[in-house]
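Chain by chain, the residues:
Number of protein chains: 2
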Amino acid sequence: MKLKEMSRAQLEAFRDEALREYEDFKSKGLSLDMSRGKPSKAQLDISMPMLDVLNSTSDMKDKNGVDVRNYGGLTGIDDCKELFADLLGVKPSMIIVGGNSSLNLMYDSVARAYNFGVYGGSKPWCKNEKVKFLCPVPGYDRHFGVTETFGIEMINVPMTPQGPDMDTVERLVSSDPLIKGIWCVPMYSNPDGYTYSDDTVRRFAALKPAADDFRIFWDNAYCVHHLKDDHDHLLNIFDEAAKNGNEDMIYEFASTSKITFPGAGVAVICASENNVAHITKQLSMQSISYDKVNMLRHVRYFGNADGLKAYMHKHREVLEPKFDLVVNMLEEKLGALDILRWNAPRGGYFVSVYTEKGCAKEVVRLCKEGGVVLTGAGASYPYKKDPDDSNIRLSPSFPPLDELKQAMELFCISVKLATVTELLG
Amino acid sequence: MKLKEMSRAQLEAFRDEALREYEDFKSKGLSLDMSRGKPSKAQLDISMPMLDVLNSTSDMKDKNGVDVRNYGGLTGIDDCKELFADLLGVKPSMIIVGGNSSLNLMYDSVARAYNFGVYGGSKPWCKNEKVKFLCPVPGYDRHFGVTETFGIEMINVPMTPQGPDMDTVERLVSSDPLIKGIWCVPMYSNPDGYTYSDDTVRRFAALKPAADDFRIFWDNAYCVHHLKDDHDHLLNIFDEAAKNGNEDMIYEFASTSKITFPGAGVAVICASENNVAHITKQLSMQSISYDKVNMLRHVRYFGNADGLKAYMHKHREVLEPKFDLVVNMLEEKLGALDILRWNAPRGGYFVSVYTEKGCAKEVVRLCKEGGVVLTGAGASYPYKKDPDDSNIRLSPSFPPLDELKQAMELFCISVKLATVTELLG
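Heads up: the sequence lines are chains G and H, in that order. The first sequence begins at 9 in this note's numbering and counts up by one. The second sequence begins at 9 in this note's numbering and counts up by one.
Be aware that a few hints might be false.
Restraint-style ranges between C-beta atoms, simulated for each label pair [claimed, not checked]: (1) K365/G <-> D94/H: 34 to 42 Å; (2) K135/H <-> G253/G: 32 to 40 Å; (3) K49/G <-> S101/H: 23 to 31 Å; (4) T429/G <-> A285/H: 21 to 29 Å; (5) N136/G <-> S101/H: 38 to 46 Å; (6) A318/G <-> D94/H: 39 to 47 Å.
No lab work stands behind these hints: they were computed from the structure. Being a predicted model, the structure only gives us computed values, none of them experimental. Don't be surprised by glycine CBs; every beta carbon is placed ideally from N, CA and C.
Go ahead and model the full structure; you've got the sequences and the hints to work with.
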């Protein structure tokens, strides 16, 4: 029976039952963490053989004979550029291989644009009275943290299963020259798990910004992170942009953080050759080189992009049962009650759920008191403000399966308790 | 005989002889590079066993049981903080371990101060009509590149064998609130190889800046890079600053770039706990963590600071003969002529020489045409402008000994030729 169709007496009985379940659960004294999209120990163990790839007897030269141990090679070794170029379907000359953090590359890209300007722009972003960014919501909290840090005004754009609402994006981008960028996670979006449709990608690639220094921040964090055989496909935005002469409008980002080691992978910026030349010049003041030894380690470990793609099956083996468990438990425990919406993603790292309006914070609070830390309610919105107090990001990757099951039990109880309490007023 | 004491006829004969030597040398068709302070292949080979320290069977937890492979631990693992704390004579809580590049940490520190401000400062640097930095000259070209990038006005301060001219530093810093920082390489300075005297360090530690957000950028790049048994000693600036309540005024930097692998070492910021807390908060928007696997690799390789210090003898074995060769050849080939000044450093990476005024560019040009690339004349000065066109930075570390000998032969010939040409007018 749907919760909203219950009588007051039925609701009260439901509330009492949920409260009893909650108190029972709380008495177990659990302490579980589902707050971040971290790989589990089992996933980290997959990549341990990578540590054997380079040893004291290894040839430490890249394919061009460059000794990767020394200074230099600011944009990374060619071997690694080719690996990522194949993976992303672009030319190696469009790749800059960075350090261990794509977030850092994104932060730096915003910082450079803010202080010094982008290729083709008439001035640094900071020389405008104000700088604005479009933020498809819900989105990645750390994206919003970067733009907030620079005092950039963030404008919410609704997400749909096909990607951001492109009517809104097109209208705003083409009319307001102070809008300098948009945050996108185009494949298995964080947190909803949606992949932008071909039409959405084409519309992005054909944008006509009012600003001469507008950039799409295309964070392709989950480009090979499939969970199902019938996985999603993302159109190559650079191919589409080329048809409109718009290649300079895009900064794409990717990394091996959720492929090898999150703390010790390699990250890349992918951009037009104009952008790469411009960024390289600015970057030359920032550093002498990133860690080329780790680049070589990754290249030798995977061999090529096909090797890397095949490798992702090992992660899927660990992750898929966890995502299935979450989606199945939501359906089983809450489906009939009709008090929660969610999407069953075919890849990525999250299951995004929507409670009744005004219930998300209370659910997160109940879970925390019951022993399970979730991502904070509202975290997926600029300024941490979910206007509906409805969205919660579930991160099934880190806990082992048995702990995840317990955490989800508490979560479902908390949703029931918070919702019925709200309905009873 | 001193060149300046020669008659015109003697000078002309000297010039003809130098020109003949130069043309002879040029005909050899050499192609050598002495432009950067890069470790040689022999030095890189010293650290190859570090690649065996972590392998697929290793325990990947730090001393606190934290899995170094995953996200998190923004300021680095405690094991690595302790290693550097011991090395620099500070508390581990004063260390942030970063990525592979101390230059990047310095750039980031300037960038954060510029955009967001420093601990205790009333506003971001960029909110002033102008920002100025003191630059002891000659100095490190990449320091000056960072401040130039942010449009910071650079003011030359003369170097002496005891460090920067402290009368000038004190006068400027105490009177001009727009002076926000000073670049220092306090031990085996780049390029002169001078170590700041105890008195100089004490005067730095006792500065009374007019600005409430002034910072000393104390780039201790060569803190353990001794070449002689009777090596230099640098006073601990934090100990001295504590006596004046000035601990917050200092950002110290160090790295293993010239200890293990220049491209794949670890770098640190060392600062007061107030500064560390302030920087950490800003840093949390920039990245999730630096490469903790590489930190663990370094810690396990060295064991502790004493292990690291002892290790530096292996580098000295490679470097000391090169520095001796350079200094001996300068003395032997040019000493009697009295046309070049230099310091024989007891550590670091450079031999800094001073030609007669107006000759440095010509010497570098002659060397280049003869087949040896030197650091550009003027590179060690802000805006690449050496007011005397006199200083040249020699970098003996990279070429093997036999190549270095050839390069130095050409260099000495070029100094003779450029100087006599200048004298003849």
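Hints and how they fare:
Against the hinted window of 34 to 42 Å, the Cβ-Cβ separation of K365/G and D94/H comes to about 56 Å, which falls outside the hint. With their beta carbons about 39 Å apart, K135/H and G253/G fall inside the hinted range of 32 to 40 Å. A C-beta distance of roughly 29 Å is found between K49/G and S101/H, which places it inside the suggested range of 23 to 31 Å. T429/G and A285/H have their C-beta atoms about 39 Å apart, which leaves the hinted 21 to 29 Å range violated.
In this structure the supplied range 38 to 46 Å holds for N136/G paired with S101/H, their Cβ-Cβ distance being about 40 Å. In this structure, A318/G and D94/H meet the distance hint of 39 to 47 Å, their C-beta atoms being roughly 45 Å apart.
In the structure shown, a violation is registered for the earlier hints numbered 1, 4, in ascending order.
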